[in-house]
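Listed below are the residues making up each chain.
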Amino acid sequence: EVQLVQSGAEVKKPGESLTISCKGSGYSFSNYWIGWVRQMPGKGLEWMGIIYFGDSETRYSPSFQGQVTISADKSISTAFLHWSSLKASDTAIYYCVRHDPDYRGWCFDLWGRGTLVTVSS
Amino acid sequence: QSVLTQPPSMSAAPGQKVTISCSGSSSNIGNNAVSWYQQLPGTAPKLLIYENNKRPSGIPDRFSGSKSDTSATLGIAGLQTGDEADYYCGTWDTSLSAVVFGGGTKVTVL
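Top to bottom, those sequences are chains A and B. In terms of my numbering, the first sequence has 180 at position 36, counting the first letter as 1, and numbering is strictly consecutive. In terms of my numbering, the second sequence has 57 at position 52, counting the first letter as 1, and numbering is strictly consecutive.
FYI, nobody ran anything at the bench for these hints, they're computed from the structure. Treat the hints with caution; some may be incorrect.
As the list claims (entries may be wrong) - The calculated DSS-like cross-link candidates involving lysine-lysine, where the alpha carbons are at most 30 Å apart (straight line), are: (1) B:Lys51 <-> B:Lys22; (2) A:Lys157 <-> B:Lys59; (3) B:Lys59 <-> A:Lys231; (4) A:Lys167 <-> B:Lys22; (5) B:Lys111 <-> B:Lys51; (6) A:Lys218 <-> B:Lys51; (7) A:Lys156 <-> B:Lys59; (8) B:Lys22 <-> A:Lys218; (9) B:Lys111 <-> A:Lys187; (10) B:Lys59 <-> B:Lys22; (11) A:Lys231 <-> B:Lys51; (12) A:Lys156 <-> B:Lys22; (13) A:Lys187 <-> A:Lys167.
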């Protein structure tokens, strides 16, 4: 089955670091981009950034540049989203998403189930 | 405030049609392909429409998309109770160098 499997929910304190993961299966990971989308409680979707597994090219939304780090490990078909110092405002569901470069324009044809990150003192 | 503007909510009776608008500018919708996503309550979004008007396999033809100038539209015909969800448009914004989404439209089946 083609799917993105995300790591489990996290509860952290402000100032702590965190890395969440997204593992792809059932398709050739190297041919696709994997991105991250944030959804704050009761709010809409926000694109954070994306990485291409073929050459690790990474692009960030200006809103998230410098706030998070996106990386990937091709050997285990897994993408990561990292915070070095969490804030309460980072509390949200984070979805990993897949983009097929054969599609015209940027769209996300596969979504993970989401990872809930709660940051509270 | 989202870069793409959608109505916050829409409603219609079962069997009716709803049309959701997504308004942008020349830096996004005007020059880039639009996609639409459905988010059922408590679940991850799902791709409904890509490249303005194409449906992924498995998406019924009750769902349709179109684009004109700097606006896009999602149509849902033969509305069903299972269509109650939030719907989002998305595209690339050349000025921002980022994917942007609309604020979402909550569809209620009366």
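Next item on the list: Could you check the structure against the hints above and give me the numbers of any it violates, in ascending order?
Entry: 2, 3, 4, 7, 8, 12
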